[in-house]
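Asker: Residue numbers (my numbering), protein chains in the order written: chain A, 503 to 614; chain B, 2 to 115.
Honestly, the hints are just simulated from the structure, not real lab data. Nothing here was measured: the structure is a model prediction, and the numbers come from that model. For every residue, glycine included, the Cβ atom is placed at its ideal position computed from N, Cα and C. Possibly wrong hints are sitting among the right ones.
[As the list claims (entries may be wrong)] Listed next, the stretches of chain A that the computed footprint assigns to chain B, with coverage defined by at least 3 CB atoms under 8 Å from CB atoms of chain B:
1) 548 to 560
2) 572 to 581
3) 602 to 614
[Claimed, not checked] Below, in silico cross-link-like pairs of lysine-lysine (BS3-like), each with a Cα-Cα straight-line distance of 27 Å or less:
4) A:K573 / A:K558
5) A:K558 / B:K66
6) B:K72 / B:K58
7) A:K606 / A:K558
8) B:K72 / B:K19
9) B:K66 / A:K606
10) B:K58 / A:K606
11) B:K66 / B:K19
12) B:K19 / B:K70
13) A:K570 / A:K539
14) B:K66 / A:K544
15) A:K539 / A:K558
16) B:K58 / A:K570
17) A:K573 / A:K606
18) B:K18 / B:K58
19) B:K72 / A:K544
20) A:K544 / A:K570
21) B:K58 / A:K539
22) A:K570 / A:K558
23) B:K70 / B:K58
24) A:K606 / A:K539
[What the hints assert, rightly or not] Some, not all, of what chain B presents toward chain A, calculated at C-beta under 7 Å:
25) G43
26) Q46
27) F91
28) T98
29) V100
30) T101
31) Q104
32) G109
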Amino acid sequence: GESVGLHLPTLSVQEGDNSIINCAYSNSASDYFIWYKQESGKGPQFIIDIRSNMDKRQGQRVTVLLNKTVKHLSLQIAATQPGDSAVYFCAERGQAGTALIFGKGTTLSVSS
Amino acid sequence: EAQVTQNPRYLITVTGKKLTVTCSQNMNHEYMSWYRQDPGLGLRQIYYSMNVEVTDKGDVPEGYKVSRKEKRNFPLILESPSPNQTSLYFCATQGGTAVTDTQYFGPGTRLTVL
Chain A
503 GESVGLHLPT LSVQEGDNSI INCAYSNSAS DYFIWYKQES GKGPQFIIDI
553 RSNMDKRQGQ RVTVLLNKTV KHLSLQIAAT QPGDSAVYFC AERGQAGTAL
603 IFGKGTTLSV SS
Chain B
2 EAQVTQNPRY LITVTGKKLT VTCSQNMNHE YMSWYRQDPG LGLRQIYYSM
52 NVEVTDKGDV PEGYKVSRKE KRNFPLILES PSPNQTSLYF CATQGGTAVT
102 DTQYFGPGTR LTVL
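Based on the provided sequences and hints, a complete structural model is requested.
Answerer: Following this line, the structure appears as C-alpha cells:
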C-alpha cells in the first residue's frame with residue numbers, strides 16, 4: 503500500500519543554522535501534504551501544508567518544497583532555534599474523504 | 002480558544018479492566034479520529050467518524066470501540082485492555098472531508114496496561 507516515509511530518523515544542527523527535513527512519498531496521486539511538529543509530551547501540531555498544484559509554500563521561518571517528479575517533500579526551517587527541537591512528521595492525503603497517511607518522523611535536535 | 006481535549010492524560014490499568022478515554026472538541030468539526038502512536042510504527046489510525054452516528058474502522062481497530070452520539074465527543078473504549086494496547090493515544094479532528102481539511106490533534110493519553 504501507499505506509505506509516506508522520511509529519509510533520516512534524526513537530524514542534529516547548531517542554533518542559527520538552516521534545517522532541511524526530507525520526506526519521500528510513494529502515491530503519485532497524493533494531492534495534499536502537511537508537516538507536523540511534535541514536541542515531547544504533546545500532540546502533533548500543524549506547521550504548514552501544500553497542495554499538489556504548488557511547488558513551494560512559505561510560512562514564518564518555514565518553507566515546504568514539493569517535487570512531484572521524484573515524489574519528494576521537504577521542510578526547511580530558517581535560523582533554527584532550540585525551541586524547534588521536536589519530531590517532525592510529514593503526512594499526505596490522496597483525495598477527499600480519505601485518511602491522512604503519516605510518515606514515521608524525524609527527530610530534530612538543536613544545540614546552542 | 003479552539004481545543005481538542007482528552008481525558009485522562011495518563012492511565013495505568015490492569016488487563017481486562019474496561020476503560021474509556023474521552024475526547025471533546027469545541028470547533029464544531031464533523032470529522033474525528035483516534036490514533037495510537039508506538040515507537041518505530043508512527044501514527045496509526047484506530048477508528049474515525051465522519052459525523053454523528055457514523056463511525057468506521059481505521060488501520061488497527063481490533064480491541065477498540067468508539068461511539069459518536071454527539072458532534073463534540075468521540076470516546077475511545079477498551080472493553081478488555083491487554084498489554085499490547087499500551088501506547089500513546091491521540092484524538093484528532095478536522096472540519097470536514099475535503100482534501101485540504103487539516104487535522105488538529107489533542108494532547109495525548111499515555112496508557113499502560115499491566
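Asker: Work down the list of hints and note, for each, if the structure agrees.
Answerer: We went through each hint and held it up to the structure:
Counting residues of the region 548 to 560 of chain A whose beta carbon lies closer than 8 Å to any beta carbon of chain B gives 3, which meets the minimum of three for the stated coverage. Against chain B, the region 572 to 581 of chain A contributes 0 residues with a C-beta closer than 8 Å to a partner C-beta. That does not satisfy the three-residue criterion, and the hint is violated. Interface restraint, the region 602 to 614 of chain A with chain B: holds (5 residues with C-beta to C-beta distance below 8 Å; minimum three). The hinted pair formed by K573 (chain A) and K558 (chain A) meets the criterion: a straight-line CA distance of about 14 Å does not exceed 27 Å.
A hinted pair counts as satisfied when its Cα atoms are at most 27 Å apart, and K558 (chain A) with K66 (chain B) does not qualify at roughly 40 Å. At roughly 18 Å between alpha-carbon atoms, K72 (chain B) and K58 (chain B) fall within 27 Å of each other, so this suggested pair holds. With a C-alpha separation of about 23 Å, the suggested pairing of K606 (chain A) with K558 (chain A) holds against the 27 Å cut-off. Taken as a hint, the K72 (chain B) and K19 (chain B) pair is honoured in the structure, with Cα atoms around 24 Å apart against an allowance of 27 Å.
About 25 Å separates the Cα atoms of K66 (chain B) and K606 (chain A), which keeps this hinted pair within 27 Å; it holds. For the suggested pair K58 (chain B) and K606 (chain A), the alpha carbons sit about 21 Å apart, so the restraint of at most 27 Å is met. At roughly 11 Å between alpha-carbon atoms, K66 (chain B) and K19 (chain B) fall within 27 Å of each other, so this suggested pair holds. The suggested pairing of K19 (chain B) with K70 (chain B) holds, with an alpha-carbon distance near 20 Å, which does not exceed 27 Å.
Between K570 (chain A) and K539 (chain A), the direct Cα distance comes to roughly 23 Å. Compliance with the 27 Å bound is thereby established for this hinted pair. Between K66 (chain B) and K544 (chain A) the alpha-carbon distance is near 24 Å, which keeps this suggested pair within the 27 Å criterion. Taken as a hint, the K539 (chain A) and K558 (chain A) pair is honoured in the structure, with Cα atoms around 19 Å apart against an allowance of 27 Å. For the hint pairing K58 (chain B) with K570 (chain A), the CA-to-CA distance comes to about 30 Å; that exceeds 27 Å, so the pair is violated.
With a C-alpha separation of about 17 Å, the suggested pairing of K573 (chain A) with K606 (chain A) holds against the 27 Å cut-off. Pair hint K18 (chain B) plus K58 (chain B) holds up; C-alpha atoms about 23 Å apart against a cutoff of 27 Å. Distance check on the hinted pair: K72 (chain B) and K544 (chain A) sit about 24 Å apart at the alpha-carbon level, within 27 Å; holds. Taking the CA atoms of K544 (chain A) and K570 (chain A), the gap is near 31 Å; set against the 27 Å cutoff, the hint is violated.
Between K58 (chain B) and K539 (chain A) the CA atoms are separated by roughly 26 Å; this keeps the pair inside 27 Å, and the hint holds. Taken as a hint, the K570 (chain A) and K558 (chain A) pair is honoured in the structure, with Cα atoms around 11 Å apart against an allowance of 27 Å. At most 27 Å may separate the alpha-carbon atoms for a hinted pair to count; K70 (chain B) and K58 (chain B) meet this at roughly 17 Å. In summary, the hint linking K606 (chain A) to K539 (chain A) is supported, as the alpha carbons are separated by about 12 Å, within the 27 Å threshold.
With 7 Å as the threshold, the beta carbon of G43 (chain B) comes within range of chain A, its nearest partner Cβ sitting at about 4 Å, so the hint holds. Taking 7 Å as the C-beta cut-off, the interface hint given for Q46 (chain B) holds, the closest approach to chain A being about 6 Å. Interface hint at F91 (chain B): satisfied, since its Cβ lies 5 Å from the closest Cβ of chain A, which is below the 7 Å cut-off. A hinted interface residue such as T98 (chain B) counts as satisfied when its beta carbon comes closer than 7 Å to some beta carbon of chain A; here the least separation is about 4 Å, so the hint holds.
Interface restraint check for V100 (chain B): the shortest CB-CB distance to chain A comes to about 5 Å, inside 7 Å, so the restraint holds. Here the hint on T101 (chain B) is kept, as its CB sits about 5 Å from the closest CB of chain A, short of 7 Å. Given the 7 Å rule on beta carbons, the hint for Q104 (chain B) holds: about 6 Å separates it from the nearest Cβ of chain A. Below 7 Å, beta-carbon pairs count as interface contacts, and G109 (chain B) has one with chain A at about 5 Å; its hint therefore holds.
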